[in-house]
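Undergrad: Going down the list, the sequences are from chains A and B.
Under UniProt numbering, residues 1 to 430 are what the first sequence spells out, in order.
Under UniProt numbering, residues 1 to 338 are what the second sequence spells out, in order.
Since the hints were derived computationally from the structure, they do not count as laboratory data.
Glycine is no exception: its CB is placed at the ideal position from the N, C-alpha and C atoms.
It cannot be assumed that every hint is accurate.
[Claimed, not checked] Beta-carbon label-pair distances, calculated as ranges:
{"id": "1", "chain 1": "A", "residue 1": "SER235", "chain 2": "B", "residue 2": "GLU179", "range": "33 to 39 angstroms"}
{"id": "2", "chain 1": "B", "residue 1": "GLU312", "chain 2": "A", "residue 2": "LYS56", "range": "51 to 57 angstroms"}
{"id": "3", "chain 1": "A", "residue 1": "LYS56", "chain 2": "B", "residue 2": "GLU132", "range": "24 to 30 angstroms"}
{"id": "4", "chain 1": "A", "residue 1": "ALA185", "chain 2": "B", "residue 2": "LYS113", "range": "17 to 23 angstroms"}
[As the list claims (entries may be wrong)] Computed cross-link-like contacts, DSBU-like style, restricted to lysine-lysine with a CA-CA straight-line distance of at most 35 angstroms:
{"id": "5", "chain 1": "B", "residue 1": "LYS308", "chain 2": "B", "residue 2": "LYS263"}
{"id": "6", "chain 1": "A", "residue 1": "LYS350", "chain 2": "A", "residue 2": "LYS56"}
{"id": "7", "chain 1": "B", "residue 1": "LYS308", "chain 2": "B", "residue 2": "LYS221"}
{"id": "8", "chain 1": "B", "residue 1": "LYS84", "chain 2": "A", "residue 2": "LYS365"}
{"id": "9", "chain 1": "A", "residue 1": "LYS56", "chain 2": "B", "residue 2": "LYS221"}
{"id": "10", "chain 1": "A", "residue 1": "LYS350", "chain 2": "A", "residue 2": "LYS132"}
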Amino acid sequence: MSDMHEHSVAYVRDTMIDQQPAPETQGGVVNWMRANLFSSLSNGILTILAVYVLWKVLSGVAPWLLNGIWTAPSLSACREILQGATGGCFSVLTERWNQLLFGFQYPSDLYWRPTLAFVLLFVAIAPVLFYKVFPARMLIFTAIYPFLAYWLIWGGSLLVPVTAAAGLVAGYLVYSRLVTMSFAAGFFGGIAAASLVWYLAGLVPFGGVLALEPVDSRNMGGFMLNLILGTVCVSLSIPFGIALALGRQSSMPIIKWICVIFIEFIRGVPLITLLFVASVVLAYFLPPGTTFDLILRVIIMITMFASAYIAEVIRGGLAALPKGQYEAADSLGLDYPQAMRLIILPQALKISIPGIVNVAVGLFKDTTLVSVISMFDLIGMIRGPILASTEWNGVYWELLGFAALLFFVTCYGISQYSQWLERQLNTDRR
Amino acid sequence: MKKSVILGTLTVAALSAGTAGAQTLSDVQERGTLNCGVNTGLVGFAAPDANGNWEGFDVAVCRAVAAAVLEDPQAVEFVSLTGKTRFTALASGEVDILSRNTTWTFTRDVDLKFEFAGINYYDGQGFIVPKELGVSSAKELSGATVCVQTGTTTELNLSDYFRKNNMDYEPVPIETNSEAQQQYLAGACDAYTTDASGLAATRAAFEAPGDHVILPEIISKEPLGPLVRHGDDEWEDVVRWTINALIAAEEYGITSANIDELKQGTDSPEINRILGSADNLGEMLGLDADWAYRAIKANGNYGEIFAKNIGESTPIGLSRGLNAQWTDGGLMYAPPFR
Numbered sequence: 001m002s003d004m005h006e007h008s009v010a011y012v013r014d015t016m017i018d019q020q021p022a023p024e025t026q027g028g029v030v031n032w033m034r035a036n037l038f039s040s041l042s043n044g045i046l047t048i049l050a051v052y053v054l055w056k057v058l059s060g061v062a063p064w065l066l067n068g069i070w071t072a073p074s075l076s077a078c079r080e081i082l083q084g085a086t087g088g089c090f091s092v093l094t095e096r097w098n099q100l101l102f103g104f105q106y107p108s109d110l111y112w113r114p115t116l117a118f119v120l121l122f123v124a125i126a127p128v129l130f131y132k133v134f135p136a137r138m139l140i141f142t143a144i145y146p147f148l149a150y151w152l153i154w155g156g157s158l159l160v161p162v163t164a165a166a167g168l169v170a171g172y173l174v175y176s177r178l179v180t181m182s183f184a185a186g187f188f189g190g191i192a193a194a195s196l197v198w199y200l201a202g203l204v205p206f207g208g209v210l211a212l213e214p215v216d217s218r219n220m221g222g223f224m225l226n227l228i229l230g231t232v233c234v235s236l237s238i239p240f241g242i243a244l245a246l247g248r249q250s251s252m253p254i255i256k257w258i259c260v261i262f263i264e265f266i267r268g269v270p271l272i273t274l275l276f277v278a279s280v281v282l283a284y285f286l287p288p289g290t291t292f293d294l295i296l297r298v299i300i301m302i303t304m305f306a307s308a309y310i311a312e313v314i315r316g317g318l319a320a321l322p323k324g325q326y327e328a329a330d331s332l333g334l335d336y337p338q339a340m341r342l343i344i345l346p347q348a349l350k351i352s353i354p355g356i357v358n359v360a361v362g363l364f365k366d367t368t369l370v371s372v373i374s375m376f377d378l379i380g381m382i383r384g385p386i387l388a389s390t391e392w393n394g395v396y397w398e399l400l401g402f403a404a405l406l407f408f409v410t411c412y413g414i415s416q417y418s419q420w421l422e423r424q425l426n427t428d429r430r
Numbered sequence: 001m002k003k004s005v006i007l008g009t010l011t012v013a014a015l016s017a018g019t020a021g022a023q024t025l026s027d028v029q030e031r032g033t034l035n036c037g038v039n040t041g042l043v044g045f046a047a048p049d050a051n052g053n054w055e056g057f058d059v060a061v062c063r064a065v066a067a068a069v070l071e072d073p074q075a076v077e078f079v080s081l082t083g084k085t086r087f088t089a090l091a092s093g094e095v096d097i098l099s100r101n102t103t104w105t106f107t108r109d110v111d112l113k114f115e116f117a118g119i120n121y122y123d124g125q126g127f128i129v130p131k132e133l134g135v136s137s138a139k140e141l142s143g144a145t146v147c148v149q150t151g152t153t154t155e156l157n158l159s160d161y162f163r164k165n166n167m168d169y170e171p172v173p174i175e176t177n178s179e180a181q182q183q184y185l186a187g188a189c190d191a192y193t194t195d196a197s198g199l200a201a202t203r204a205a206f207e208a209p210g211d212h213v214i215l216p217e218i219i220s221k222e223p224l225g226p227l228v229r230h231g232d233d234e235w236e237d238v239v240r241w242t243i244n245a246l247i248a249a250e251e252y253g254i255t256s257a258n259i260d261e262l263k264q265g266t267d268s269p270e271i272n273r274i275l276g277s278a279d280n281l282g283e284m285l286g287l288d289a290d291w292a293y294r295a296i297k298a299n300g301n302y303g304e305i306f307a308k309n310i311g312e313s314t315p316i317g318l319s320r321g322l323n324a325q326w327t328d329g330g331l332m333y334a335p336p337f338r
């Protein structure tokens, strides 16, 4: 056939033609606009409306941003400089940035400590978040990090966090020795060993061994407080949530009912009520003059709250696994902890990631609720001390916009990470 | 760690349960700092500055008491409290004084078991309206929409006042003062009502304060003062007489400028007694002779504190009004130091 073809055709092109621009009717800006913005009368009207709204918003916001005053000492000075022109008074941010980030009571010469802790946070979570990129040895630093961060932020003797860590290590060693006999023996043996270490350490006076200047909990504030509460509560509530979710599925009635009642009670009560209990009602039960660290109280309450929600998310993940997976684990002769650890949980947690991230983002934003119990988190700082100063009374948009920006950056980052992680883990189940 | 904290708490609980009560003065002196409950932020009354130092009219009371008791006006640990947490904090012993623009009422004094150690500011509820509304008296507000903070005595006073004058109004419930400012400026209500000092501070923050007037009617009595726990009379005396010393100092012309000179001794026996150069009044309080000298020296006398924080030269610009000395037609009247 080809031979015949060769002769029957007068001319055959033997080089490729360079890529040509699309025909006039198909390419160009005008055509793109016609196809995407004005494809029909109603779309055209909507486009014009959208452009109009966009213009309105931008023409309002842009001069406010560009014309902003960054160096005035007070709101009235800002207004004097602006002389009635539109412009934000961002001077409040340049003057009070340290209070917005660290609260107004954290000693200003010690700002490097929480800042260092914040930077190290990324080093610590990197091997957890990107476990394929970073070497597993970095996890050792992750394990040390909570104690290091505590020492950096609160100060005091280094021996306090070291002892806390030593208790945990002792507990783990006993656990790993006894767990071969049975999980329960390992679990309770570990707790006993850890308590023993802590008790013994409690008898030794630490004094000022390797002490940083201590900072009281009540002096924590600003965005730092939101980050502390968010990070601590999220990371604590995941293990608690897993335990609660497993407990709720347990066949042992007492454990099951304890978990059910706990979850349902916590989920049925608003977070703000729990926070009031932490700050106000507990004070009635505690004797006069004693103050049980407020941040600790709040962390316990928020962790309880978040664990209940995460437990339900994980229960959803557990329920989504086919029954065959449980049966497969049983047929391999694995006992309950092994089956959970090796087969069920890795799959269930993978399914639960979007839900867990959702709870984490919500929880992080909920940490601003602590401002109602007179803790000076970012919002508390804005609503209380800064708006109440004679210089800055009346500056709302600039301050709250800054707060929104900080929260948006953090929450958007978390959500982007979770989407990336889902794509990474999405090996099956489409 | 947590366990030992809890155990420690319980032990301290057992030890201190019986002893808390009638010895705040020695507790404070032992501790070396005064725990003072203040507002989380109220313009002119209590707010931290850019360096985190508390200042304001209510804060000055704490500083004066700390100066009298601890010889150091800076030895104050400020605990900021919201309207909801303030009474618990005082009752549970978290703070020694509550100096947080708290109105002296019967129930707070009698039922909640607190003692008001005096009045440092006579406030009252007023109205602010835009000038263009053309209203010059609260009596002309019939039919107006009024922004009012919910759950406060302000709300009750408002309805009492309108009922008493046979007028009707439409309340616009608001949660916080800053929200109220925005609503009022946005025109959501014709008038905004709260304590007159708050109105002045609010108006000071407006872009065009001159476009708004505070109506002359004051429709309620809001005597504000520091309070302490019931049943500790020695401590109450210390706070009460520290405030009286500040008020009396203004009456007798003792200022932070001339106090050192006057302390050398004067012709006025009253000044000598206050400043401790005659009769040792401080000893009767359980303090030393110079207690009032230090209290006045800390921030100046009552008039100086007023002028510095909320007076006419500040952006808040409150006039003395009821808070003038009795000799100037006000209500500030310190009992004799004798």
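Undergrad: Okay, which hints does this one fail, numbers in order?
TA: 2, 4, 6 and 9
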